[in-house]
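Following the hints, position chain B against chain A.
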Amino acid sequence: MLKSTRRKLLSGIAGGLAWLGATGAIAQTADKPIVLQWQTANLTEKQFEPVWKEMVAAFEAANPGIKIDPVLVARKDHWTKFVTASQARRAPCLVSVDLTTAAYNGYLMPLDKFWDAEPEAWRKAWSDEVMKAARWQGKLYGVPIWGGIYAEIYNEDLVKAAGLDPAKPPVSWADYRTWAKALTKDGQWATAILGGKTDTTTRVLLSWIYSNGGEVFNADMTEATFAKNPKSLEAIKAYLGLARDGFAAPAPTTTNYLEQTVMFAQNKIATMRNANWAIAKAEEDNPALKGKLIVAPAPHQIPNAPTLKTVTSTSIAADCASPEAAWKFIKFEADAKWSIKRAKVANWMPIRSDLANEPEIKSDPMLLTFLKIGENAKPYPLPLPIWADIAAGDIVDAVQKALLAPDTLETVFKDLDAKINRKLKDQ
Amino acid sequence: MTAVSDSLSRPALPQRRRGHTARPGLESERWHGYLFIAPAFIFLCAVIVLPLIKAFWTSLERTRGLNTMFVGFDNYVRVLESEAFWNSLWVSLSFTALCVAMHMAIGLGLAMLLNRVAHARAVLRVAFLTPWMVAPAIGSTIWLWLLEPQFGVVNYLFSAVGLIDSYKAWLGEPSLAFGSIVAVDVWRGVPFVMLLLLAGLQTIPVEQYEAASIDGASPLQQFRYITLPNLKYFIVVASTLDIINTIRMFDIIAVMTGGGPVGATEVLPALLYNTAFRANHFGEAAAIGVLLLILVLAFSVLYVGLTRTHAQEGSR
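Taken in order, these protein sequences are the chains called A and B.
Using the working numbering, the letters of the first sequence map in sequence onto residues 12 to 438.
Using the working numbering, the letters of the second sequence map in sequence onto residues 5 to 320.
Source of the hints: derived by calculation from the structure; they are not laboratory data.
Be aware that one or more of the hints could be misleading.
Said to hold, decoys possible - Counterexamples of contact, computed for chain A against chain B with all Cβ distances above 12 Å:
id, residue
1, PHE125
2, GLU131
3, ASP168
4, GLY198
5, ASP418
6, ASP437
What the hints assert, rightly or not - Distance windows between CB atoms, simulated:
id, chain 1, residue 1, chain 2, residue 2, range
7, A, GLU421, B, LEU167, 30 to 40 Å
8, A, LYS248, B, LEU167, 31 to 41 Å
9, B, ALA88, A, LYS248, 45 to 55 Å
10, B, VAL165, A, ASP186, 38 to 48 Å
11, A, LYS87, B, ILE57, 22 to 32 Å
These numbers come from a predicted model, not from an experiment.
Backbone N, C-alpha and C define an ideal beta-carbon position, used for all residues, glycine too.
Pulled out of the complex, with its shape left as it was, chain A reads as follows:
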């Protein structure tokens, strides 16, 4: 009798708890917002912080059921963290990464169904050429959000001090060398060669190769042509030769984007090959530089030589549980309002072709100059599935070898071609 009463009592308590649990769980699920992790290498950069914080707040206010959880990770660890998370099937839903390498490895979700469902007028805001940088094997893996056009940035004060006319920056490589000679003196150099172990080394090298009409791959991207293409090899020699001739700051094998902009801000180098964002960085480090910078197309050897343009796209990770919500954020991020804010506050260049005539963009002469230079630019990253490895590894190694032993430059880049070709076959 006692046993049966106890059993009834226990089963009653258990039933009650189960009911409470179930209703609680339902209520919790109904109220629980979708949380989207968002990882891009730029979130930790001071100049971008006010823009992304404002944008996230505005997005969350407009979409009460979605929360954005920014993943702040140092640029150096960005790819590592993304790959690790992807391998664990826990990648942030929203990511900006080397699109082709990530898509090739299956880390990203094709976005064609979302893209195709959008009005044509919206889709037309991006040029076909820009969209190529967001596709891999015919599928769309990201929406281009911002870009960077590589040009030559000069310190007007140092140019004037060297007796040069800032209104007539160098047009050809020969002019550039003449300037380099004048701009190099004790403790100050014309420029910096980038040889540090990141892909910015490769970006600047490519801009020199393109300025001579060179190519680093054949048309169908099955063969590397760093040494095979005479124009490419000539460009590499001209660029790295600046170090050998004493026109570039010492220690190029360790110089990277950060060191380059710091040297520029401290008036140790007079010019740098970089994008619009470097201006924000240099002016932040040395406010005296404000209004003292000149932008000009990269000196070139052939008429109408293209420069390099980076395209930063936002993608959705392959295992994202809420791709619809993620797509909403991408559309919000790509909105003209935020594109303009990014350009004005953080110097990230707008990538949408419909924004060039916006009054706020037109009123910024520096930005307008960059956009004009970028009308003839080749997008980066290159659409190769192993590009991340090649760009941050093999090419950088070759640049370092050639800088350390200039006499071996041709052999080094022949070896590089052979190494990349082996990798391309091996994939």
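Chain B only, in chain A's frame:
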């Protein structure tokens, strides 16, 4: 008769064991013992054994992002055929040999100094231990900027005293980069060795030195015939642990050079990292990890062997 012969042929069970089986309470106590160590055992399996098995399994697979394919020992063949692996092995071994030798020499010197100094011992001990207390990534970042070619203090000081006539790229030239990394590791690794050897020095009876001094032994002879023999065990322990620590060192390289320039500082863990996260070849990276584990295990076995030998010598 049979019973008698059986009792003669079978070895008798030890009395204590018989006692145990006879007392059910103690038997259950033994199970309690297993129960108590079970959480730790399960935890160790989860964080050491399972990842090891997973790593070994990964080393038998070819990965392309999220897709994998079983390839047997193909990754090992690829790794062992690659120039990068042999370069890294050489860099790792030479780095370890140099660092450990310097840790031991400088560590012993500092330990002897601390053992003798009476007044400022506490202050000096803290000062010498500081590099060890600083987080490796922070210490490496500090050194990265100290060695920076344009703005670094090292170049400034060396040129101020006339040691160099032009700025050096300490991390930009292969031999300088290797030397710089060794120097930073020595800065960080010496305190550990110093502590162990200081503990050893403090076990040596002062009377031995006093007797030797009365017999007219010089300081060098005292070091040769008293200090070194007494420290033998501590030196073996310190050097073996230091070898195991140094050969798997990664943080300094990751922060300061990434393995460059041109592979000059690419130790095995750096090669593993670059293979996994730069080239996205997780199978090959896992194979490098397994080979590195075998190398570390070899030193660990040596360590256990040497310490056991010493323990046996000590108990005689």
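Please settle this one: A/GLY198 was flagged as non-interface, so is its CB more than 12 Å from every CB on chain B? The assertion about A/GLY198 is violated, with a minimum of 9 Å to chain B.
A cut-off of 12 Å on Cβ-Cβ distance, and A/PHE125 was said to be off the interface with chain B. Does that hold? A/PHE125 clear of chain B: closest Cβ-Cβ about 21 Å, beyond 12 Å.
Kindly confirm whether 31 to 41 Å is satisfied by the beta carbon distance between A/LYS248 and B/LEU167. Hint holds: Cβ distance 34 Å, inside 31 to 41 Å.
Do the beta carbons of B/VAL165 and A/ASP186 sit within 38 to 48 Å of each other? 42 Å Cβ-Cβ, so the 38 to 48 Å window holds.
Given a hint of 45 to 55 Å, does the C-beta separation of B/ALA88 and A/LYS248 actually sit inside it? Check failed, 27 Å falls outside 45 to 55 Å.
Verdict on A/ASP418 as a residue remote from chain B, using beta-carbon distances over 12 Å: holds (15 Å)
Should the label of A/GLU131 as a non-interface residue stand, given a Cβ cut-off of 12 Å to chain B? holds (33 Å)
Does the Cβ pair A/GLU421, B/LEU167 satisfy 30 to 40 Å? The hinted range 30 to 40 Å holds for A/GLU421 and B/LEU167, with Cβ atoms some 36 Å apart.
B/ILE57 and A/LYS87 - C-beta distance against the hinted 22 to 32 Å: Because 31 Å falls inside the window, the suggested range holds.
Test the statement that A/ASP168 is away from the interface with chain B: the closest C-beta pair must be farther apart than 12 Å. Non-interface label on A/ASP168 holds, nearest chain B Cβ at 19 Å vs cutoff 12 Å.
Taking the closest pair, is the beta carbon of A/ASP437 still more than 12 Å from chain B? violated (10 Å)
Checked against the numbered hints listed earlier, the structure breaks hints 4, 6 and 9; every other hint is satisfied.
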